[in-house]
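**Q** Please work from the sequences and hints to get the whole structure.
Numbering of the sequence shown is given in the working numbering, commencing with residue 2 and proceeding in unit increments.
For the record, the hints were derived by calculation from the structure and aren't laboratory data. There may be inaccurate statements among the hints.
[Stated by the list, open to error] Okay, derived cross-link-like pairs now, DSS-like style, lysine-lysine, Cα gap no bigger than 30 Å in a straight line: (1) K11 to K143; (2) K143 to K61; (3) K143 to K90; (4) K90 to K109; (5) K143 to K125; (6) K61 to K125; (7) K109 to K125; (8) K11 to K25; (9) K109 to K143; (10) K61 to K90; (11) K109 to K61; (12) K4 to K25; (13) K125 to K90.
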Amino acid sequence: MEKIDNLDRKILDIVMHNARTPSKVVAVECGVSRAAIHQRIQRMIDLGVITGSGYHVNPKMLGFATCTYIGVNLERGAMYRTVVPEFEKIPEIVECHFTTGQYTLLLKVYARDNEHLMELLNDKIQTIPGVTGTETLISLDKSIDRTLPIETV
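**A** Laid out in structure tokens, this is it:
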């Protein structure tokens, strides 16, 4: 992987806090041309340093008031290859991590309410072949929501 330099880091620090910052503003803050900013951002996209762009949508505003983390145990760890595609069919599952420790997989799920969550668990998640157990942790509040700090070297 190509190394990112201090200019890349400065650009990242600016756009990570607000991706809608005009490139002209980023260019002025970094002391380079807008073309250089565009080239640097495109290079970081190509390298996989920047992996997405878009808007963050508040799930509560869309009627999904319950954020839940679900630890999933599988019959065998290797079954994640067949279980994960089944999870991908459930739109309320927004993240799935293959983990070490107590659970084989950790899911992040949004549900409209506890009744909807129960339907997801009983009728969808727990019925997938290979799933042997789940533990549900309901998030009461998100206390920290931030990006990693970008430090210049």
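**Q** Confirm or reject each hint.
**A** Against the structure, the hints come out as follows:
1. For the hint linking K11 to K143, the alpha-carbon distance of about 28 Å falls within 30 Å, and the restraint holds.
2. Of the supplied pair hints, the one linking K143 and K61 holds, its CA atoms being roughly 12 Å apart against a limit of 30 Å.
3. A threshold of 30 Å between alpha carbons decides the hint, and for K143 with K90 the separation of about 26 Å falls inside it, so the pair holds.
4. Using a Cα cut-off of 30 Å, the hinted pair K90 and K109 holds, with the two alpha carbons roughly 14 Å apart.
5. For the hint pairing K143 with K125, the CA-to-CA distance comes to about 26 Å; that is within 30 Å, so the pair holds.
6. Restraint check for K61 and K125: the C-alpha separation of about 22 Å stays at or below 30 Å, so the hint holds.
7. Pair hint K109 plus K125 holds up; C-alpha atoms about 15 Å apart against a cutoff of 30 Å.
8. Of the supplied pair hints, the one linking K11 and K25 holds, its CA atoms being roughly 14 Å apart against a limit of 30 Å.
9. Only pairs whose Cα atoms come within 30 Å are accepted, and K109 paired with K143 is accepted, the gap being roughly 13 Å.
10. Under the criterion of a C-alpha separation no larger than 30 Å, the hint pairing K61 with K90 is consistent with the structure, at around 21 Å.
11. For the proposed pair K109 and K61, the alpha carbon gap of about 15 Å is at most 30 Å, so the pair holds.
12. With a CA separation close to 25 Å, the supplied pair K4 and K25 stays within the 30 Å bound.
13. About 10 Å separates the Cα atoms of K125 and K90, which keeps this hinted pair within 30 Å; it holds.
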